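**Q** Protein chains in written order, with the numbering used here: chain E, 1 to 112; chain W, 113 to 227.
Careful: at least some of the hints might be erroneous.
What the hints assert, rightly or not - Below, computed lysine-lysine pairings styled on BS3-like, alpha-carbon distance capped at 27 Å:
hint : chain 1 : residue 1 : chain 2 : residue 2
1    : W       : K167      : E       : K40
2    : E       : K3        : E       : K68
3    : E       : K68       : E       : K40
4    : E       : K68       : E       : K57
5    : E       : K57       : W       : K132
6    : W       : K176      : E       : K99
7    : E       : K68       : W       : K176
Simulated from the structure, these hints should not be mistaken for lab results.
The model shown is predicted, which means the values in this text are computed figures rather than measured ones.
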Amino acid sequence: EDKVVQSPLSLVVHEGDTVTLNCSYEVTNFRSLLWYKQEKKAPTFLFMLTSSGIEKKSGRLSSILDKKELFSILNITATQTGDSAVYLCAVDPNFGNEKLTFGTGTRLTIIP
Amino acid sequence: GAVVSQHPSRVICKSGTSVKIECRSLDFQATTMFWYRQFPKQSLMLMATSNEGSKATYEQGVEKDKFLINHASLTLSTLTVTSAHPEDSSFYICSAQGTSGQPQHFGDGTRLSIL
C-alpha cells in the first residue's frame, strides 16, 4: 500500500524563524510530489517536484526532492503569521487515474 | 491562472434533502475532476474521479447512488448528495486537473451541515 508520511505532525515557532517540513514516501509508482498549503478552506498549490536535487523556490518558500532517499523537504524562511496553515504533501503515482496519495499534513503555527 | 470555483461554500439543510455542489474550472479545461471529503483535522479522502463525458470512478466504500457525480463539460462537474443525513455532514472539496501529470487545483470547498 502506498504511504506518504509527514513530520512533524505539528510545529509552533516564533515569527521570523525558519522551518523545515519533511515528507517521506513509499509508493509503487512515482511521477511527482506536490506540496499544498491549507488554511481554513481547501488546499492551494505550492510546488510540484519531479526531479531530484532541483530546488523549486517561491519567495520565502523552497522545496527539494530526493528520489533516491524517497523524501522531500519544504523550507520556509523568515516565517510570518500568514504562514500558519496545514502543509500537505502528496504523491502522484502515474497510474493514469491520477489519484494522489496524501500525507496527514504538518500543522504549522507561527506566534507573533 | 488555474482557478477552480466551488459553490456553494456552505450549506445547512434538513435531513432527507438532496444537495448539489458545483465545481468549475474558470481559466482552463479540466480533463479530470476529483471529489474529496475531509473530516476535522484529517487529510483529504478521495471519493471519486470523474472524466468529462464518462462515468465517475468511485473509491471503495463510497456509495455511487448516494453521491452522484456528473462531469458534463470540460469546465464543470457536480456532486449531488442524495437524501442527505447527519452523517454526511462534512467538508467536501473538488479539484481539477488540466492534463495528465499537471497539478490538481482545488476549489474552496463546501461545508455541508445536515440537521
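**Q** Against the 27 Å threshold, does the CA-CA distance of E/K3 and E/K68 hold or violate the hint?
**A** holds, 16 Å
**Q** Do the alpha carbons of W/K176 and E/K99 lie within 27 Å of each other, as the hint requires?
**A** Given that 27 Å is the threshold and the Cα spacing comes to 18 Å, the pair holds.
**Q** Quick one, are E/K68 and E/K57 close enough, alpha carbons at most 27 Å?
**A** holds, 21 Å
**Q** Need the status of pair E/K57, W/K132: alpha-carbon distance at most 27 Å?
**A** violated, 38 Å
**Q** Sort out whether E/K40 lies within 27 Å of E/K68, counting only the CA atoms.
**A** Violated, at about 34 Å.
**Q** Checking one constraint from the list: CA of E/K68 to CA of W/K176, max 27 Å. Satisfied?
**A** Violated, because 39 Å separates the two Cα atoms, which is more than 27 Å.
**Q** Is the straight-line distance between the alpha-carbon of W/K167 and that of E/K40 27 Å or less?
**A** violated, 31 Å
In this structure, the earlier hints numbered 1, 3, 5, 7 are contradicted, and the remaining ones agree with it.
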